[in-house]
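Let chain A serve as the given structure and place chain B on it in line with the hints.
Residue numbers (my numbering), protein chains in the order written: chain A, 1 to 289; chain B, 290 to 717.
Warning: the hint list may mix true and false statements.
Computed Cβ-Cβ distance ranges for the label pairs, DEER-style [claimed, not checked]:
{"no.": "1", "chain 1": "B", "residue 1": "Lys691", "chain 2": "A", "residue 2": "Arg280", "range": "33 to 43 Å"}
{"no.": "2", "chain 1": "A", "residue 1": "Met159", "chain 2": "B", "residue 2": "Lys691", "range": "47 to 57 Å"}
{"no.": "3", "chain 1": "B", "residue 1": "Pro511", "chain 2": "A", "residue 2": "Ser7", "range": "25 to 35 Å"}
{"no.": "4", "chain 1": "B", "residue 1": "Pro336", "chain 2": "A", "residue 2": "Leu113", "range": "32 to 42 Å"}
{"no.": "5", "chain 1": "A", "residue 1": "Ile139", "chain 2": "B", "residue 2": "Lys383", "range": "32 to 42 Å"}
{"no.": "6", "chain 1": "B", "residue 1": "Pro602", "chain 2": "A", "residue 2": "Leu85", "range": "17 to 27 Å"}
{"no.": "7", "chain 1": "B", "residue 1": "Lys383", "chain 2": "A", "residue 2": "Leu114", "range": "19 to 29 Å"}
{"no.": "8", "chain 1": "A", "residue 1": "His133", "chain 2": "B", "residue 2": "Gln472", "range": "55 to 65 Å"}
{"no.": "9", "chain 1": "A", "residue 1": "Ile274", "chain 2": "B", "residue 2": "Gln472", "range": "48 to 58 Å"}
{"no.": "10", "chain 1": "B", "residue 1": "Lys471", "chain 2": "A", "residue 2": "Phe76", "range": "57 to 67 Å"}
{"no.": "11", "chain 1": "B", "residue 1": "Lys471", "chain 2": "A", "residue 2": "Trp116", "range": "39 to 49 Å"}
{"no.": "12", "chain 1": "B", "residue 1": "Arg717", "chain 2": "A", "residue 2": "Thr141", "range": "44 to 54 Å"}
{"no.": "13", "chain 1": "A", "residue 1": "Leu114", "chain 2": "B", "residue 2": "Lys428", "range": "35 to 45 Å"}
Cβ-to-Cβ under 10 Å is the rule here; a few derived chain A residues that face chain B [what the hints assert, rightly or not]:
{"no.": "14", "residue": "Val9"}
{"no.": "15", "residue": "Gln12"}
{"no.": "16", "residue": "His93"}
{"no.": "17", "residue": "Ala95"}
{"no.": "18", "residue": "Gln97"}
{"no.": "19", "residue": "Val98"}
{"no.": "20", "residue": "Ile115"}
{"no.": "21", "residue": "Arg121"}
{"no.": "22", "residue": "Ser130"}
{"no.": "23", "residue": "Thr226"}
{"no.": "24", "residue": "Ala257"}
{"no.": "25", "residue": "Lys265"}
{"no.": "26", "residue": "Gln266"}
{"no.": "27", "residue": "Phe270"}
Don't read these hints as lab results, they were simulated from the structure. Just so you know, even glycine gets a beta-carbon here, dropped at the ideal spot from N, CA and C.
Take a look at the letters that make up each chain.
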Amino acid sequence: MDPIYFSQVLIQGILMGGIYGFIAMGLSLIFGVLKVINFAHGEMLTWGMYIAYVLFIWVGLDPFVSFLISGILVFFGGYLIQRILVNPIMDYHEAMQVLLLIGVSLVLTNLALLIWGPDPRSPQTSLALSTMHVQGVIIDTVRIIVFVISVCITLILFMFLKKTDLGMTIRAAADNRLGARLVGVSVNHVSAITFGIGAACVGMSGAMLLPILPVSPGVGEPFTLTSFVIVILGGMGNLIGALIGGLIIGIAESMGAILWSPSLKQLVSFVILILIMLFRPQGIMGGKR
Amino acid sequence: MKDSKRKKKQIGKKMDRRTFITVSAKAVASAGIIAGFPAVLRGASPPEIKIGSIQPVSGPLAVIGKTTRQGNQLAVNEINRAGGIKSLGGAKLKLLLGDSESKPDVGRSEAERLIKEGAVAVIGPFQSGVAMAISTLCKQRKTPFVVDVGLAEPITKSGGGWVFRVFPTGTQFAIPVVKYLKQMLSETGVNIKKGALTTTGDFFGKAMSGLFLKHAKDLPFPIEEPIYYPLGTKELSTEIAKVKASKADILFSVARPSDAKMIVRELYKQRVPLKAIISPGSPGYFEPSFMKEMDKLAEYVLTNAPWLNPLSPKMKQVAKAYQNAYGGYMDNNSGYAYMGVMVLADAIGRAGSTDKKAIREALTKTNYKENIMVGGHVKFNEIGDNINATTAMIQNLRKNGKLAPRVVLPKNMAVAKYVFPAPPMWER
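Isolated chain A, as found in the complex (with noise of 0.2 Å):
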């Protein structure tokens, strides 16, 4: 096989990983501190693209400067959906939770078919054709940028659990609930806020998208089966875990690409999640349960 064609390939791969992976961290930090698994996250990350979208076409802002906005915006819409939803019914069975957030799920999307129409919407942002030439190899600007970005708020935000104060909190409260109670932890106030955080992460991730994929009210709805998976494959509740689960993903869906034919490459992601489930069920970086 050509040597540039494997090595663009590769990197294409790696890249759209660190993508995936900080798509997945939201989903993965919820699950950890709350026990709860986010059905409406791919309906979260489309409206982080909307409102990249809409700031992109009303202001002209780039959506790697409002990307923060979209965090910001989404963190909010994730802290009240908790709060007023999600809390509620937090010592209910399961099954509630998820028809609770595929309700909410359903809301957001078809809000967005009402607001903006079923069109796929691609703008031309500045960076949306930008390319690099490294030896032969084409690299997507966009892609290395989000990339990047997706690493270090990732170990901003793994940071933040080990040292600050509120990260601590948030860890006590998914360590155990009851306890943090005890000592006096606001417990319903920080689990709004770590909804929040994992909605915010994603909400950013979906503005930076825009620049390489269209976006209409059910972009999302993948996203969320493919964070499902990266999660799983990473340990739940694990943030590097996602982080390293997403790569795996991303490579083995462009070398499955490849090596085989494009039609097999969510085979191939589909088989490495069983592999996983049969022989390290905690998940990559998981600890025993």
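Below, chain B alone, put in the same frame as chain A:
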């Protein structure tokens, strides 16, 4: 006390309702008299004729489903404005709306619902997969089904004589595209070494690309194995890298609106040296939003499409009405959606009845002359396919600064000269 209050309230409500009904009845009656409504004089207006329209107005194909529904509605409005179905005392048509969500199972249950609600015939559904599901249902329910858009061959065959397709079949697509391409090659003398083919992996993508490959054996160059990707894909960079590695000169792409945008961007970013991008028969490359957002990248893309007939005077009228009503230009999908209802209404008119069997009989004898699309009169063969349906080659070309799809082949319908080979995207 409480009870009496409630009673009072109820009485009040009843009185209100009664007054309301009397007042409104009077108003309606007087309005009728003032307008000299003939129906009122005769004592009854003919009942509405219900037609079920199933289109993918949500899901990954929603952007097209919106336009095909508009096409259906435009035809219904036109017929009603012109006095309804004359042979049934000017009965008006009513479009019952169904949404397939771009999924075959949902399309089928929506069709079932509309038939239960009294639809005398069903029209739709843009997708071949959905059409297959509705076609078997309509055979069971003995309800005529007019396929406005949907090209897979088995659709009509599985309908047991209840399915009529105004749109070209896959073969009616594949034969002309090969012919047009050969003509372009011989006229320009361009040498093509290899072609690549990318396609969505759904029923439509497989049917279309399969038929195209079957007929493309006549072309003077080989075509690589098709590259499939799922409908609603989130990543196409690997697929395009594969196209580039194959060193193809022409990319044949069976696409949909969202992936078409991703494909041209990736082709640009990866600097794939192509002489042409040709869609052998798929949406994606001629929609207004594709032109607007992709601009230079959208230029020179060729699509083999059952396009609007530029020589038809009625087409100009209809296209204008469409633009006034919904904005955006009419394309082959909305055009055929319009035609489907016109052909169905023509059959209902000739049947002079809303009996499903009579409508089916009338449909088999269709010879509809006012075709606004390329191809001759609409006539169905014994399977239910339109024998005169065909395609034209269109190319996105700029004229007076305005980028739009224009018919370039066949010559007798061409409104512009084709550009082949196209200049590389990054040098435009």
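- Message: Of all the hints numbered above, which does this structure not satisfy? Sort the numbers upward.
- Response: 1, 5, 6, 8, 12, 16, 17, 18, 19, 20, 27
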